[in-house]
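Read top to bottom, the protein sequences are chains G and H.
The end of the first sequence is residue 293 by UniProt numbering, with every number in the run present.
The end of the second sequence is residue 293 by UniProt numbering, with every number in the run present.
Hint data in this document are derived by calculation from the structure and do not stem from the laboratory.
Keep in mind that the hints are not guaranteed to be accurate.
If you want a taste of the chain G side facing chain H, the calculated C-beta under 8 Å gives, among others [what the hints assert, rightly or not]:
| # | residue |
| --- | --- |
| 1 | 97 |
| 2 | 100 |
| 3 | 202 |
| 4 | 209 |
Think of the CB as a built atom: it goes at the ideal place given N, C-alpha and C, for glycine as much as any other residue.
There are 2 protein chains.
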Amino acid sequence: MAKKKQAKKNAGKRKTGDSIGDALRVTPGFQLADLNPAAKPAFSGKKQDAEKVMAAARNEIDDLQERLYAGGRDGDGPAVLLVVQGMDTSGKGGIMRHVVGTVDPQGVKLHAFKAPDAEERRHPFLWRIRRELPDPGYIGVFDRSHYEDVLVVRVHDLVPPSTWGRRYGQINTFERKVNEKGIHVIKVMLHISSDEQKARLQERLDRPDKYWKFNPGDIDEREHWEAYQEAYQAVLDKTSTDENPWYVVPADHKWYARLAVQQLLLDKLRELDLGWPDADFDVAEQKKRLAAT
Amino acid sequence: MAKKKQAKKNAGKRKTGDSIGDALRVTPGFQLADLNPAAKPAFSGKKQDAEKVMAAARNEIDDLQERLYAGGRDGDGPAVLLVVQGMDTSGKGGIMRHVVGTVDPQGVKLHAFKAPDAEERRHPFLWRIRRELPDPGYIGVFDRSHYEDVLVVRVHDLVPPSTWGRRYGQINTFERKVNEKGIHVIKVMLHISSDEQKARLQERLDRPDKYWKFNPGDIDEREHWEAYQEAYQAVLDKTSTDENPWYVVPADHKWYARLAVQQLLLDKLRELDLGWPDADFDVAEQKKRLAAT
Numbered sequence: 001m002a003k004k005k006q007a008k009k010n011a012g013k014r015k016t017g018d019s020i021g022d023a024l025r026v027t028p029g030f031q032l033a034d035l036n037p038a039a040k041p042a043f044s045g046k047k048q049d050a051e052k053v054m055a056a057a058r059n060e061i062d063d064l065q066e067r068l069y070a071g072g073r074d075g076d077g078p079a080v081l082l083v084v085q086g087m088d089t090s091g092k093g094g095i096m097r098h099v100v101g102t103v104d105p106q107g108v109k110l111h112a113f114k115a116p117d118a119e120e121r122r123h124p125f126l127w128r129i130r131r132e133l134p135d136p137g138y139i140g141v142f143d144r145s146h147y148e149d150v151l152v153v154r155v156h157d158l159v160p161p162s163t164w165g166r167r168y169g170q171i172n173t174f175e176r177k178v179n180e181k182g183i184h185v186i187k188v189m190l191h192i193s194s195d196e197q198k199a200r201l202q203e204r205l206d207r208p209d210k211y212w213k214f215n216p217g218d219i220d221e222r223e224h225w226e227a228y229q230e231a232y233q234a235v236l237d238k239t240s241t242d243e244n245p246w247y248v249v250p251a252d253h254k255w256y257a258r259l260a261v262q263q264l265l266l267d268k269l270r271e272l273d274l275g276w277p278d279a280d281f282d283v284a285e286q287k288k289r290l291a292a293t
Numbered sequence: 001m002a003k004k005k006q007a008k009k010n011a012g013k014r015k016t017g018d019s020i021g022d023a024l025r026v027t028p029g030f031q032l033a034d035l036n037p038a039a040k041p042a043f044s045g046k047k048q049d050a051e052k053v054m055a056a057a058r059n060e061i062d063d064l065q066e067r068l069y070a071g072g073r074d075g076d077g078p079a080v081l082l083v084v085q086g087m088d089t090s091g092k093g094g095i096m097r098h099v100v101g102t103v104d105p106q107g108v109k110l111h112a113f114k115a116p117d118a119e120e121r122r123h124p125f126l127w128r129i130r131r132e133l134p135d136p137g138y139i140g141v142f143d144r145s146h147y148e149d150v151l152v153v154r155v156h157d158l159v160p161p162s163t164w165g166r167r168y169g170q171i172n173t174f175e176r177k178v179n180e181k182g183i184h185v186i187k188v189m190l191h192i193s194s195d196e197q198k199a200r201l202q203e204r205l206d207r208p209d210k211y212w213k214f215n216p217g218d219i220d221e222r223e224h225w226e227a228y229q230e231a232y233q234a235v236l237d238k239t240s241t242d243e244n245p246w247y248v249v250p251a252d253h254k255w256y257a258r259l260a261v262q263q264l265l266l267d268k269l270r271e272l273d274l275g276w277p278d279a280d281f282d283v284a285e286q287k288k289r290l291a292a293t
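Please model the entire structure based on the sequences and the hints provided.
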């Protein structure tokens, strides 16, 4: 009871001294506008320290990922799904490259959701999401996701407000069903400042080796900055549940965001308490057979 | 003319002093049985040296892969397809993890071909292969491939010999068409000895954390070792073409095989002479727009 009271009192506050995951988890009352995108919650080191922490975690992640994969070989066992959202230039690609990219690619199923194509538009918005859910044993990674259907779609009213308005509840129901399939979800929002986005877009315009990353539409979208912040706030208010909470990761420092997402993945893998599957054959018998070859 | 004569004289021989790729490329007359699976062609260093070479190549591969990816953004530009074949335990998984795994996962499309399912069996054998070809800008990776249709299928006569016998020519035609789509193919066979396979299977039976990798069927297959070697020899004889040659990589030393495949990938990326795409927008105009936000 006292605990609950305390939780209410701390609503929306971030504690330091906790794990990064505890510090970044969205609780009721959380206000996006109050979080400094340049903050480094629950981490007091510098960039080089973060790189050391990340390097040190890699062996454990490797080991846990292999156990996860092994457990999926007979078609059941858990899976993990990392959902990454964020404004243009918030560093989603860097997460894919520097965090997801350190995991054995055989156990990863990465999908980048673009604007839906003609076939996808003919189906309910969750149809294409369902098709990309990870099989048992896999770490699925969504670069953008079903949340675009209450973000860009809401900002531009691509469907009537009554339609997108229903989607928050549909998403919560969907994610509970995803959990029931044994898929453990980590939802990450990379949170950057408007100034940092401007600097990153500027870099893409200053460097010919970055032109290909630039799209004039990015500036159109930038003009809807406030509307996007509101749409994200609504996502956090309505879809950060006990089962599937959001983690808002301050991302003006790319190195902090990478560290944070790696730690969230590590925490989730640890939680699963993964063993090695038993042999589904007679070990002694197979040894005898092998020796005879 | 003199060159041609020399080539004929050297048929099946491996030169040292060349690049690893030159040393491993299959030329007419090549005999698999003559290649020592413990050899380290065109590399005189040890394991630690190989690891240094691999680490040093990573930045260049990163850069080239990003150029490849950038070039594919408008739906054309080249792609690369790495085909990896080899007996059970030959280290295909290690190549995926330690070579493919160092490349940005956003630009990689990895597919492991298993025994065909019911739907796949209803189609011609190349149907499922075609579906997994990389789009422009991607590095496609096949862990097993259409070559299984002249390997396991031949060894076990899963289709009549007249059917698998026609497939070599069909594969050559198919791969030429793949080239015409702008997909550059690297075909790698990981070559291990029977003794090394025995040791690796033994390890899977000795270590409970490896049980999940063992399948009693692996020993059944091992009993067809000679038939598989013959089937591989036929593949090399019939499908190592000027356009799409095979590279046979001695793989008893895992570290050598990884180094070799990384160098083959690097060589191919270098060959493509990849620049950065031009801006398809007016840079000055977009800078002005951005400044105004």
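We went through each hint and held it up to the structure:
no.: 1; hint: 97; result: holds (5 Å)
no.: 2; hint: 100; result: holds (6 Å)
no.: 3; hint: 202; result: holds (6 Å)
no.: 4; hint: 209; result: holds (5 Å)
Violation of the numbered hints given earlier is absent; every hint is satisfied by the structure.
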